[in-house]
Amino acid sequence: MHPDHYRHTELPPSTEYELYFGPNHPGIEGNYALKARLAGDTVVALEADGGYLHRGFEKLMEQRLWIQNIALVPRICVPDPVPMEETYARAVETLGGLEVPERAQWLRMLVLEMSRLTAHLFYFGGHAATVGLYTNMFWGVSDRDRLLDCFEQLTGARVYHMYITPGGVRRDTPPGFLDSLSEVLDYVEGRLPKFDDLFFDNAVLVRRATGTGTMDQAFAIDYGVTGPNLRATGLAHDLRRDYPYLKYAEVEFDVITETAGDAYARTLVRRGEVIESLRILRQVIDKLRSVPGPIRCPLPNPLAWRIPAGDAYTRTESSKGELAYYIVSDGSAKPWRVHVRGPSQMHAVQTLEALCVGARIEDVAQIMFSLDACPPEVDR
Amino acid sequence: MSIALQLLLMPLAAFLVGLAMVLMMRKVRASVERRIGPPWYQPLFDIYKLFAKDTQISHGVMHDVAIMMVLGGIICVVLFLPVPGMSGLSAKGDLITLLYLMMVPSLGMALGVGQTANPNGSIGIARALTAMAGYEIPFFICVAGAALHYGTTDLNQILTIQQHGGHLEHWGIVQMPLLAVAALFAVHAMLGKEPFEIYVAPAEIATGPMVEMSGKYLGTLFVMQCFQLFTVSVLYTTLFLGGGFSWFTLLLKAFAVVFISVLVTNVYPRYRTDDVLRWQWKWPTGIALLGLGMVMLQIGR
Amino acid sequence: MPDYPIYRDPPEQCRTPDAEERSLWGRTLERIADHCRARSLFVLHYCTGCGAIELPPSMTSRFDLERVGMQPMVTPRQADLLLITGYLSVKTLKRVILTYEQMQGPKYVMGFGSCTINGGMYWNSYATVKRLDQYLPVDMYIAGCMPRPEAIQQAFLQLMEKIDSGRAQNWKEYYRRYDHYLGEQQALFGEQFHTPTDVIGEARHYSLFGPETLGEHTAKLAKYDLYHPGQGAVDALEVKR
Amino acid sequence: MSKSLPTPLEGVFRRVPGVRWRQQAERHLRVELSEAENLPALLALLKGEAGYRHLSAISCVDWPDADEFELVYHLDSYTTQVLISAHIRLPAAPGRYVSVSGLYRPAGFFERDIHEMFGVQFEGALDLRPFILTEWGGPPPMRKSFDTEGYVRDHYQWVDYGPEWLAELEKRGGGIVE
Chain L
1 MHPDHYRHTE
11 LPPSTEYELY
21 FGPNHPGIEG
31 NYALKARLAG
41 DTVVALEADG
51 GYLHRGFEKL
61 MEQRLWIQNI
71 ALVPRICVPD
81 PVPMEETYAR
91 AVETLGGLEV
101 PERAQWLRML
111 VLEMSRLTAH
121 LFYFGGHAAT
131 VGLYTNMFWG
141 VSDRDRLLDC
151 FEQLTGARVY
161 HMYITPGGVR
171 RDTPPGFLDS
181 LSEVLDYVEG
191 RLPKFDDLFF
201 DNAVLVRRAT
211 GTGTMDQAFA
221 IDYGVTGPNL
231 RATGLAHDLR
241 RDYPYLKYAE
251 VEFDVITETA
261 GDAYARTLVR
271 RGEVIESLRI
281 LRQVIDKLRS
291 VPGPIRCPLP
301 NPLAWRIPAG
311 DAYTRTESSK
321 GELAYYIVSD
331 GSAKPWRVHV
341 RGPSQMHAVQ
351 TLEALCVGAR
361 IEDVAQIMFS
371 LDACPPEVDR
Chain S
381 MSIALQLLLM
391 PLAAFLVGLA
401 MVLMMRKVRA
411 SVERRIGPPW
421 YQPLFDIYKL
431 FAKDTQISHG
441 VMHDVAIMMV
451 LGGIICVVLF
461 LPVPGMSGLS
471 AKGDLITLLY
481 LMMVPSLGMA
491 LGVGQTANPN
501 GSIGIARALT
511 AMAGYEIPFF
521 ICVAGAALHY
531 GTTDLNQILT
541 IQQHGGHLEH
551 WGIVQMPLLA
561 VAALFAVHAM
571 LGKEPFEIYV
581 APAEIATGPM
591 VEMSGKYLGT
601 LFVMQCFQLF
611 TVSVLYTTLF
621 LGGGFSWFTL
631 LLKAFAVVFI
641 SVLVTNVYPR
651 YRTDDVLRWQ
661 WKWPTGIALL
671 GLGMVMLQIG
681 R
Chain H
682 MPDYPIYRDP
692 PEQCRTPDAE
702 ERSLWGRTLE
712 RIADHCRARS
722 LFVLHYCTGC
732 GAIELPPSMT
742 SRFDLERVGM
752 QPMVTPRQAD
762 LLLITGYLSV
772 KTLKRVILTY
782 EQMQGPKYVM
792 GFGSCTINGG
802 MYWNSYATVK
812 RLDQYLPVDM
822 YIAGCMPRPE
832 AIQQAFLQLM
842 EKIDSGRAQN
852 WKEYYRRYDH
862 YLGEQQALFG
872 EQFHTPTDVI
882 GEARHYSLFG
892 PETLGEHTAK
902 LAKYDLYHPG
912 QGAVDALEVK
922 R
Chain C
923 MSKSLPTPLE
933 GVFRRVPGVR
943 WRQQAERHLR
953 VELSEAENLP
963 ALLALLKGEA
973 GYRHLSAISC
983 VDWPDADEFE
993 LVYHLDSYTT
1003 QVLISAHIRL
1013 PAAPGRYVSV
1023 SGLYRPAGFF
1033 ERDIHEMFGV
1043 QFEGALDLRP
1053 FILTEWGGPP
1063 PMRKSFDTEG
1073 YVRDHYQWVD
1083 YGPEWLAELE
1093 KRGGGIVE
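Chains as they are written, first to last, in my numbering: chain L, 1 to 380; chain S, 381 to 681; chain H, 682 to 922; chain C, 923 to 1100.
Treat the hints with caution; some may be incorrect.
As the list claims (entries may be wrong) - Pairs of lysine-lysine, BS3-like flavour, derived with a Cα cap of 30 Å: (1) S:Lys407 with S:Lys596; (2) L:Lys247 with L:Lys334; (3) L:Lys334 with C:Lys1093; (4) L:Lys287 with L:Lys247; (5) L:Lys194 with S:Lys407; (6) H:Lys843 with S:Lys407; (7) S:Lys633 with S:Lys472; (8) S:Lys407 with S:Lys633; (9) H:Lys901 with H:Lys853; (10) S:Lys633 with S:Lys662; (11) L:Lys334 with C:Lys1066; (12) S:Lys596 with H:Lys853; (13) H:Lys843 with S:Lys596; (14) H:Lys853 with H:Lys843.
For the record, the hints were derived by calculation from the structure and aren't laboratory data.
Please build the complete structure, drawing on both the sequences and the hints.
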């Protein structure tokens, strides 16, 4: 078939041209599009185009009961769903004045940090794949799968756990779970030197990632960059430490920072966070062995559960940055307004657009992945 | 064996060996990535399926012609490459002819991709030609050095010189190790493997030249890949590893060349375009020049 | 301007030859081709929704779909299988239709998760499409939210079986009933909607013309004059600003 | 009322008229401005003098009964580490406000989002072109007056799910309460 009669578009002569990145493009994380104006190999201007994953979550949540929304929230960010549940649940608890039992708080920290681990392992793979190191992607994803198995053991689901409910968690640890989790953690820790050899110390990767997508601290703060991306510019800000929620005040961990602010620094920060997550998880496991108690506070009939009027703004440090929910209740059985503030809303639009200007076309995908932008968070 | 039969058998043998090399490549990649990998018939099935597509989109005459140029060029190369028992056209042309013919597929790709009018493809071709400028220089120096060393550009004679006495000491890699090393680097880039994979680069330009290729066009490129693996590895074997007395030794050596390349490729990301040139013009070219100097000293003595 | 027979009934010789009319040689080749198609599925690398998160585990080391010949491919031209991984927003659906039309037949569509079947948990969302098969011919659905890698593999194996036995012919429906599909698409995107792909021309060229290829909806395309240089074929794709 | 307010905040709140504040949670202040137009001044002071360099989010709430939009500016400081949520109310009728994207760059995204979802105009905003709903012809969907279920019924083929067991449950007085 020859499309001889297809229309040719005549454009005025120019040294610049437009290139569409996505939505169907392997260099795009998720379903997202970038429209780049290029002069030769250099990006002159970049425009992000979102909304491909828009499902109207905020509207849907106004239509559902407080308890029904537990099923909706994890679906807002696919690679790292647990912080979504935690933030929503904490907002509802703040509004409803619920007291979360101690054991439930430790269990929540457990799943939060496990989710951070899975997200970072996924990130290692994603970042490596954008620069052509596919082996790392295979390793990262298959190691992540071991953690997903632990999730399955604990919650019954691999990806969307819906484990954290307002007032506690859904179920207690099954017998033998903590031991098998410890084994997996040891395994992941044992794998890190291999990732170092393959990925972090790889001369070609260092060459490519150093100086790519560099931002300084002032820029990062200006553009509302949070999380590991902010810490890669040298500002030690971590909500887990600065606004401690759950039992984060009782565990020991370091806030990892780097100063270079480029793609490589962001990767190194995440590598450090994997180690810190392992450290936190081990402390949590120790606590869970000793702390007894109920795993959730008594709830009223969930189908007729009214939350007192008011508003709450809760924030969580997700693997991508500062995740926040603003929830308004008018005293009825459904939320009046839920606003989701995902960290990627800052990273994937304005920051990405600004960082890519002047970058080479080779690096656009790498910059997007190194920011760990999560399009569903932007689109909601 | 009559020349007509040889002209038929040589591409066929090259294709089958190339298929096996593709399979090895995928299997090695799979085991580095800790998985099982495809079954043995996979490369063949892929190609058959692509040719059996019901709808095939062509982007114009040049697209069709170019893809034939790609395949024709690479088959020509095979015909000029002597293998055990079959010397094909190698008596009619020499090393220089071979090197010129080896460029035809890349140029053919450039023509065809231009017609598809996909910006990703154009960027890919620009990158491919740039990378070619990177690896062809060290490769030409290596070939020139080898020709100087052997005192001939006739591949059959080169083989005879190396196989003389059946000892390792006459092999190119023993006589001129620096050139052999430099040529190995260049061969790696020629095969388009990481870290020199810039012109395919799925995450950047969506497989570049292949972006608009569907059905039989992609199938032809798959076939070309088989031929390319064969020609590049056999050429290297012929120049530096003493060729083969029999198919068994030839294949052993050719597979070893591809194997080295495949092992390296799976643990590196890709370089940027400028880094490819910088690297190729620094290391392989430098080593090749040193090797050339040594060859000249040897001859002068 | 060339005088193409644009919107007329298909000529008699464009009829698809029936299986019995084919020669033994042709049938044998087709049988082998079906087997190869089943064992060499190139999957389009397009994450349309959240179901894509379970694809890396199924593709990579743990479940390794390359064992059965599946590979991710990055452009629609190279791919055989389009995975609709979960809910489709209206904005994505437009791109999916374009992508689908760019793929070369035989091509297969697989719907992942409940959202492609009936909207799933987004049943009352204004932004997502409820039923995928209204807009594209679908070969296989996987239920669940989200489907596990085991379910995904099961579905792939079933699809392979279907292809191997020559039953996966849904893609021809798109050409044969183009008017129907275009009508559904226009109902959602507005009367102006059309793609730059010349589906009718392709149907004619490849003998895939059916009684419902042309109809009241395709008649609306006449004014866009897809075949001639001139106005507006790609304009409908431009983002409304 | 809180016992301890970080000193820079005390001064800032005193200098802007119509500011009422109370502690909503631990290290979280809720600030309400009776006059909406004073907000940019408050933000400028907070950023300049109290180190509030991080705009966490701008949330919009639709209150159709009062015919008002509520805008909530969530601010954080990396030094004092007390979260501030500043609430203002706008009449829904013109639905207009000034952009603060000159002060806080992230506001550009949130204002674009609110404009898209609620139809609020921001004067001087960085970019108010549609971002998510580029192919949307209907009213701003997040307004309470927009009925998403009705829209679905009109635009998509979708069958109501009414299994017998649910009908029986509802007959016995169970099911979902509104």
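- request: Just pull the numbers of the violated hints for me, sorted ascending.
  value: none
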